[in-house]
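Take the given structure of chain A and dock chain B to it, following the hints.
Heads up: the protein sequence lines correspond to chains A and B, in order. Every letter in the first sequence is one number past the one before it in the working numbering, and letter 80, counting from 1, is 80. Every letter in the second sequence is one number past the one before it in the working numbering, and letter 114, counting from 1, is 114.
Errors might be hidden in some of the hints.
Only part of the chain B face toward chain A is listed, based on derived beta-carbon distances under 10 angstroms [as the list claims (entries may be wrong)]: (1) Asn60; (2) Ala127; (3) Thr143; (4) Phe164; (5) Thr166; (6) Leu168; (7) Gly172; (8) Leu189; (9) His193; (10) Thr195.
Stretches of chain B that chain A covers, calculated by requiring three or more beta carbons in the stretch to come under 8 angstroms of a beta carbon on chain A [what the hints assert, rightly or not]: (11) 25-33; (12) 70-81; (13) 84-97; (14) 101-109; (15) 118-125; (16) 129-141.
Listing some non-contacts, in silico: residues in chain B with all C-beta distances to chain A over 12 angstroms [as the list claims (entries may be wrong)]: (17) Leu17; (18) Asn37; (19) Arg39; (20) Phe43; (21) Val47; (22) Pro146; (23) Glu154; (24) Arg155; (25) Ala170; (26) Thr181; (27) Trp185; (28) Ala192; (29) Glu211; (30) Leu217.
These are computed hints drawn from the structure, not numbers from a lab. Here a beta-carbon is modelled for each residue, glycine too, at the ideal position from N, C-alpha and C.
Number of protein chains: 2
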Amino acid sequence: MKNFGLSELLLVDPPDLDPDGEAYGFAGHAREDVLPNAREVEFDHLVENYHTVGCTAITNDDHRRHVRYPFRTPAELADSLAGVSAGTCVVFGRERVGLTNGELERLDEVCSIPASADYPVLNLGQAATVVLYELRELTVEETQLPETIERAPERDVEGLHDQFSTLLDALGVEGTQRRRTERLWRRLLGRAHPTTREASTLRGILRRAEEGLRHGLPGEREG
Amino acid sequence: MKNFGLSELLLVDPPDLDPDGEAYGFAGHAREDVLPNAREVEFDHLVENYHTVGCTAITNDDHRRHVRYPFRTPAELADSLAGVSAGTCVVFGRERVGLTNGELERLDEVCSIPASADYPVLNLGQAATVVLYELRELTVEETQLPETIERAPERDVEGLHDQFSTLLDALGVEGTQRRRTERLWRRLLGRAHPTTREASTLRGILRRAEEGLRHGLPGEREG
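Isolated chain A (complex conformation):
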């Protein structure tokens, strides 16, 4: 929860939460706020006060049984909730048996994580991680990652390509082979999206190679 910007934990019929116990032991920094601030409520309280989304690994195959169908995947849920202005509660069930049909039919939506058909049931903590990860754009104001990767300006990339061509000149690569090699280089670098530092470093290396080919390496020139 804390990794993805959530703070309000409501517990229905929980076991005792011992500050020296297992839940606190695994909670990381959430032991400072999320767990001590958790409130114990009745299931009815959720139904009556929130737009509720029940999470379950098992849906039904079609529309004939409606308690678990239709469902949304976590990514679809994030898109859908982006347009909703309402207190929303994501409801996870018990570690071993999840939510009962009786509980699911009282909730407003059903969410299910796509997983291996052979083994679709995630641990509770991992199911919560995936759902909250997908909801992060609604709940996390600022991530730890820089906004965008700082790709080199196009002129720097073109400068690198020019330097590569100059190296091919120095190597005497011409004609069809020249055009193929230039195209291969451009496509390879195009996929890699070099940063300014990468482009300038590599350009420097190629220039040194080219100049070495034309004029001899610095040590040779001196000698």
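Below, chain B without anything else, positioned relative to chain A:
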């Protein structure tokens, strides 16, 4: 791993894996195959034999320090690896300290999960869950979820809209209010994407209401 279709676990300098111990206790069905089949290898073995992706919560803010930058998010990694035909190894670090800079600089790519800037460091098991969840389209042949949600055919949805209009007729709703109400209804149902069962059930309810309004409810007619 097993939830998302992966089976090959390589461990570098692991602690003892006791079949009665903690790792087995949390492993669910993976205790039947993934854990007993895990192989112990050297870090060098990964570098020399796989396309390697190192996972880390902390990137650098810009391109001047290059060990951890540039990075891909898990979703970008999935897109990128979709075009790669190579044995790929996703490398996670130690629970408390992750991968060292010395390790990261020997790996081919860096992946980082966007999370709260205030608390971006996930537990190892949760980081692995998010990354493998995002890679699922490359690793899971078939999920437990039906391919597509069976939305009602358009004619059934239109039939529901017609029935709603007929109810408005019966209620004597006309003019501007009529057009507004029909538009509101169409937009509400448009967002909900009703299934065949939902559309036919609701249409039946509206028809009963309309017929009751016109002719009296069945009990009243009898009486």
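Inset, instruction - Identify whether the interface hint at B:His193 stands, where standing means a beta carbon of chain A within less than 10 angstroms of its own. - result: holds (8 angstroms)
Inset, instruction - Take the segment 25-33 of chain B, compare each residue's beta carbon with every beta carbon of chain A, and decide whether three or more fall closer than 8 angstroms. - result: holds (count 3)
Legend entry - Assertion that chain A covers the segment 70-81 of chain B - criterion: three or more residues, beta-carbon distance below 8 angstroms: holds (count 3)
Legend entry - Restraint check, 10 angstroms cut-off on beta carbons, for B:Thr166 near chain A: violated (24 angstroms)
Legend entry - Given hint B:Ala127 near chain A, where the shortest CB pair must fall under 10 angstroms: holds (9 angstroms)
Legend entry - Separation of B:Arg155 from chain A, once the least beta-carbon distance is taken, above 12 angstroms: holds (16 angstroms)
Legend entry - Distal placement of B:Glu154 relative to chain A, Cβ over 12 angstroms: holds (16 angstroms)
Legend entry - Given as non-interface: B:Leu17, which should sit over 12 angstroms from chain A by C-beta: Non-interface label on B:Leu17 holds, nearest chain A Cβ at 18 angstroms vs cutoff 12 angstroms.
Legend entry - B:Asn37 and chain A, when compared Cβ to Cβ, separated by more than 12 angstroms: Correct as stated: the minimum Cβ-Cβ distance to chain A is 15 angstroms, above 12 angstroms.
Inset, instruction - Classify the label on B:Thr181 as holds or violated, using whether its beta-carbon is more than 12 angstroms from each beta-carbon of chain A. - result: Non-interface label on B:Thr181 holds, nearest chain A Cβ at 22 angstroms vs cutoff 12 angstroms.
Inset, instruction - Report holds if the minimum CB distance from B:Trp185 to chain A is greater than 12 angstroms, and violated otherwise. - result: holds (18 angstroms)
Legend entry - Least C-beta distance between B:Glu211 and chain A, which was stated to exceed 12 angstroms: B:Glu211 clear of chain A: closest Cβ-Cβ about 25 angstroms, beyond 12 angstroms.
Hint check: violations occur at hints 4, 5, 6, 7, 8, 13, 14, 22, 28; the rest are consistent with the structure.
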